Amino acid sequence: MPAKKKESADSVASATRVTAGATATAPRLAVRKTYKLFIGGAFPRSESGRTYVVADSKGQFVANAAQASRKDARDAVLAARAAFGKWSGATAYNKGQVIYRIAEMLEGRRDEFTSLEVPASEVDEAIDRLVWYAGWTDKLAQVVGGANPVAGPYFNISSPEPSGVVAVVAPSQPTLLGLVSVIAPAMATGNTVIVITDAPRVAITLAEVLATSDVPGGVVNILTGSAAEVAPWLASHSDVNGLDLTGVADAKLALELEQAAAETLKRVRRPAAVDWSADPGLAPMTAYLETKTVWHPKGM
Numbered sequence: 001m002p003a004k005k006k007e008s009a010d011s012v013a014s015a016t017r018v019t020a021g022a023t024a025t026a027p028r029l030a031v032r033k034t035y036k037l038f039i040g041g042a043f044p045r046s047e048s049g050r051t052y053v054v055a056d057s058k059g060q061f062v063a064n065a066a067q068a069s070r071k072d073a074r075d076a077v078l079a080a081r082a083a084f085g086k087w088s089g090a091t092a093y094n095k096g097q098v099i100y101r102i103a104e105m106l107e108g109r110r111d112e113f114t115s116l117e118v119p120a121s122e123v124d125e126a127i128d129r130l131v132w133y134a135g136w137t138d139k140l141a142q143v144v145g146g147a148n149p150v151a152g153p154y155f156n157i158s159s160p161e162p163s164g165v166v167a168v169v170a171p172s173q174p175t176l177l178g179l180v181s182v183i184a185p186a187m188a189t190g191n192t193v194i195v196i197t198d199a200p201r202v203a204i205t206l207a208e209v210l211a212t213s214d215v216p217g218g219v220v221n222i223l224t225g226s227a228a229e230v231a232p233w234l235a236s237h238s239d240v241n242g243l244d245l246t247g248v249a250d251a252k253l254a255l256e257l258e259q260a261a262a263e264t265l266k267r268v269r270r271p272a273a274v275d276w277s278a279d280p281g282l283a284p285m286t287a288y289l290e291t292k293t294v295w296h297p298k299g300m
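Mapping of the sequence shown onto UniProt numbering: position 192 corresponds to residue 192, and the numbering continues sequentially without gaps.
FYI, nobody ran anything at the bench for these hints, they're computed from the structure. One thing to keep in mind: the hints can contain errors.
[Said to hold, decoys possible] Straight-line distance between alpha carbons at most 25 Å, and here's what the computed BS3-like set of lysine-lysine pairs gives:
id	residue 1	residue 2
1	K292	K86
2	K33	K58
3	K292	K139
4	K58	K36
5	K71	K33
6	K36	K71
7	K139	K86
[Said to hold, decoys possible] Distance windows between CB atoms, simulated:
id	residue 1	residue 2	range
8	A251	Y154	46 to 54 Å
9	N64	A283	30 to 38 Å
10	S226	Q142	40 to 48 Å
11	A278	R28	39 to 47 Å
12	D111	A55	16 to 24 Å
13	A272	S158	28 to 36 Å
14	S48	P149	52 to 60 Å
Being a predicted model, the structure only gives us computed values, none of them experimental. The beta carbon of each residue, even a glycine, is placed where N, CA and C say it ideally should be.
Whole structure, please, built from the sequences with the hints as guidance.
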């Protein structure tokens, strides 16, 4: 080979080795995930275009999240109301199947939640809690309803019915178990749910589970951002039937939300400090049920 050609070939080979080495050792540019809202079974960005940075427990910025606005809250109400008829009309057995499917999908993605700093024991408890509520869907009517004794030739039957759209301010800690514990009871009784949460990584990852678990679009809607900004619009919205203030730690804000809800005669639940690992009992399910009583003449 001529000297010039050999020198050129050696230069190219050397440059290739240097480039390959640089590529192998150069640090990657981190790609932050953007957690969007969950409305009507889809994942839209906030209509305002606003986002905020999310930090992990060490204070390191790890993701971006959409910051919900008043318009997003209205969109969530429309989605929840549109889904209410189909979900409330589903059989109790079918509701139980759907909620159990959520537990199955959550079991399959448990490692993803532990990577988000959710303790493995809490993931287990959240899965068990979903299975527990799935089992109640076709039993609750027998426990809280029934045939009433009356003085007359009539059948008198009381049966529970869902209230409608329930807005929930989710607790910040614990993240996953607390979130499941406020969503599942409302779902199990046939209500549709709008959740406001300040824990977007866990909440929207749970939304991804819901989106692949046979849950009809609009049955659960999740808004990430500030409860102080979004909750007042839901509390005063005439098409919201219930308000769960479990995650409101500010007593002044809770009072303002209760007063706003009173204008439209909403059912409001504001429990004291909750031990999420304890047996929740029936109160979270019966809080947003109404009892319908039917009279029917005997012998006809």
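Hint check results:
Distance restraint check for K292 and K86: the Cα-Cα separation of roughly 19 Å lies within the 25 Å cut-off, and the hinted pair is therefore satisfied. In summary, the hint linking K33 to K58 is supported, as the alpha carbons are separated by about 18 Å, within the 25 Å threshold. Distance restraint check for K292 and K139: the Cα-Cα separation of roughly 17 Å lies within the 25 Å cut-off, and the hinted pair is therefore satisfied. Our distance criterion of 25 Å between C-alpha atoms is met by K58 and K36, whose separation comes to about 23 Å.
Restraint check for K71 and K33: satisfied, since their Cα atoms lie roughly 23 Å apart, inside the 25 Å limit. Pair hint K36 plus K71 holds up; C-alpha atoms about 15 Å apart against a cutoff of 25 Å. Our distance criterion of 25 Å between C-alpha atoms is met by K139 and K86, whose separation comes to about 20 Å. For A251 paired with Y154, a C-beta distance near 48 Å keeps the hint of 46 to 54 Å intact.
At about 37 Å, the CB distance of N64 to A283 agrees with the hint of 30 to 38 Å. For the pair S226 and Q142, the beta carbons lie near 41 Å from each other, so the given range of 40 to 48 Å is met. A278 and R28 have their C-beta atoms about 44 Å apart, which keeps the hinted 39 to 47 Å range intact. The given range of 16 to 24 Å is respected by D111 and A55, whose C-beta atoms sit roughly 22 Å from each other.
Checking the proposed 28 to 36 Å range against A272 and S158 shows it holds: the Cβ atoms sit about 29 Å from each other. The hinted window of 52 to 60 Å between S48 and P149 holds, with their beta carbons roughly 57 Å apart.
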